[in-house]
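Asks: For reference, the chains in residue letters:
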Amino acid sequence: MSFLKLSGVTKFYGDTCAVADMNLTVEKGEFVSLLGPSGCGKTTTLQMVAGFEPVTRGKIELEGRDITHVKANTRGLGIVFQTYALFPHMTVSDNVSFGLEMRKMPKAERCERVRDALGLVHLEAHADKYPRELSGGQRQRVALARALVIEPPVLLLDEPLSNLDAKLREEMQFELRQVQRKVGTTTVMVTHDQSEAMSISDRVVVMEDGRATQIDHPHRVYEHPRTRFISTFVGKANLLEGRIVGNGNGNGAGGARQSVQIGALRVDVDEAGFSNCAAVLLTVRPEKIQLVALGSGRIDGEIGERFFLGSQWLYRLSTSVGDLMVLTPNDGRPALEEGTRAAADWPDHCTRLLPADGRATVADVLPAGAVS
Amino acid sequence: MSQATSGKASKATPWLLSGPALLLFVALLLVPLLLTAILSFNVYDPVVGAKSGEFTLEHYTHVFTDSYYLGIFWRTFWMSALVAIICVLVGAPEAYVLSRMGNPWRSILLLVVLAPLLVSVVVRAFGWSMLLGPEGLVNGMLGFVGIGPVKILYTETAVIIALVHVMLPFMVIPVWTSLQKLDPGVENAALSLRASHFTTLRRVVLPQVMPGILSGSLIVFGLSASSFAIPGLLGGRRLKMVATIVYDEYLHELNWPLGAAIALILLAANLVVMLSYNRLVEGRYKKALG
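Top to bottom, those sequences are chains A and B.
The numbering of the first sequence is my numbering, which starts it at 995 and goes up by one.
The numbering of the second sequence is my numbering, which starts it at -12 and goes up by one.
Keep in mind that the hints are not guaranteed to be accurate.
[To be verified] Covered stretches of chain A, as calculated for chain B (at least 3 residues, CB under 8 Å):
1. 1061 to 1073
2. 1092 to 1099
[Said to hold, decoys possible] Derived lysine to aspartate or glutamate pairs resembling EDC-like cross-links, with alpha carbons at most 20 Å apart:
3. 1230/A <-> 1217/A
4. 168/B <-> 1127/A
5. 1230/A <-> 1210/A
6. 1065/A <-> 174/B
7. 1098/A <-> 1127/A
8. 1053/A <-> 1021/A
[Unchecked claim] If you anchor each label on the Cβ, the simulated ranges turn out as follows:
9. 1123/A <-> 262/B: 27 to 37 Å
10. 49/B <-> 1126/A: 26 to 36 Å
11. 1161/A <-> 269/B: 38 to 48 Å
12. 1317/A <-> 170/B: 43 to 53 Å
13. 1095/A <-> 269/B: 21 to 31 Å
14. 1011/A <-> 169/B: 26 to 36 Å
15. 263/B <-> 1189/A: 55 to 65 Å
16. 170/B <-> 1287/A: 54 to 64 Å
I should point out that these hints are in silico values taken from the structure, not numbers from a laboratory.
All residues carry an ideal CB built from backbone N, CA and C; glycine is no exception.
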């Protein structure tokens, strides 16, 4: 049985639809991220689960109990806010203790639990400080301790790391995941940062315009994006417009193969499901492309620009079918100069086909919730 | 060399810039205050008035030993304190409700709160005297529900009602300002930790707007204690407050030195009350709110 279940949850602000028919099941102990650009409805969804926004239509269940219309202050969920929302007039330990006090817990037990929670986030030494005396990362950890100390069935994180600088954010991602593993709390996180969602969640819910367009494991979202939007929002992608030209050479054992014609380029793909002559988008991730000697790859081109990214080189290769982004590891071999002519090649199984209008097919979206 | 001149010029600039304001401040506030202080020590002669060459402490001892004056000081104190308390009780919730409203209602109602500041205090006082008089609207309505005519005008009640009306904006604005600084998430955070709405207000919102309430109550107390027009017009001839008695000493008794002494005692008392209150209560919140 699923632990937290959203069925057909819909939210309207006046005539504007913020969240449309959201279906999501979260298992006990799972870490799920709602990922999307700002205004996609991810925060609204979280607010509805938290009970701060009324649900227009649909049902939210927690451990089989309908909580759709339960008041926020009786749901007992732990929430970490984007601004942390610490109580500025209370010390760190008073902040953490507040939720236990509201539960009328005796003082001795309260102190012990507060100490444990602060220990979990390595803040024992700062128990008597006020929030304004702490750094951003420390405040963030106080907020986490305050939400976890009440031992909530579900932990909700609203852009928890977006106010931290890049270096600290990485550290906190790691720590957040560690704490979540240790405590085992079912967690739902909202974020607009795809690398954050990828690196710490068990499953990612990608949202566009109030709809969940893909619910999958991070690896699947990256390797098998269901829409044009996802393929470009989650990581970088080369998108090539083409047309299905019948079945491929047919040497795939059991795997259905199709061929796509893109300008002068004909590509075999390990995917099926498109009718002949259908307009499609072929996507290839930049790191899947290798630069090889002229004439020995799929298509020849000229290196327009190159960018040094530290561990990688990013090239822009101008070809007859358009510009291709190519990422190659900085593995000690000399980098190619701008203006060099080279060919691009990639393995058949590294390309994906999407419908050309950018929308997911019905068949694509339906089984999404089934994967867990 | 040029650096030295520019350094010199920049040193003089702040003085030059603040010069006009400083001059105005000295000429219109410090000098009259000093003259009043000197006047309060002058010997008073009923025939010739203040004698500028002779000094005495008589006016001060007179005020401090005469129960008539002490009574007026006490009345001024408790009425101002009561006005401040009522303003806290009315103004703080009002500011909270206002800050929760959406536009356009928020702007409209904020204008209503600030409206008293746009009308002359004399006009407002006469307005209240019409409402509160024996034939006024308030007594008319009380008579309608069977409560006989009540004497409100020329009592403490009338003065307090009118003072609260005038002073309310001075309470609402500082509380409003501190509410604006409130992180909108903290109330939700408290709710999510299972606090009731009332507990959230008491434990989370109220402590954070306390500085606003403190400064508001200081402003209201200080302005009420030195108010003149409202006690003068709504308190009538018999109900005196300190500012009105100063006026009487100057213009009816023509005892300028005594009037000056009372005025300075009011200034000193106001300062003492406000400073000690500030120290006493704000100190508690200083550590937490910085």
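Asks: When the structure is checked against the list of hints, which entries are broken? Sort them ascending.
Replies: 7, 10
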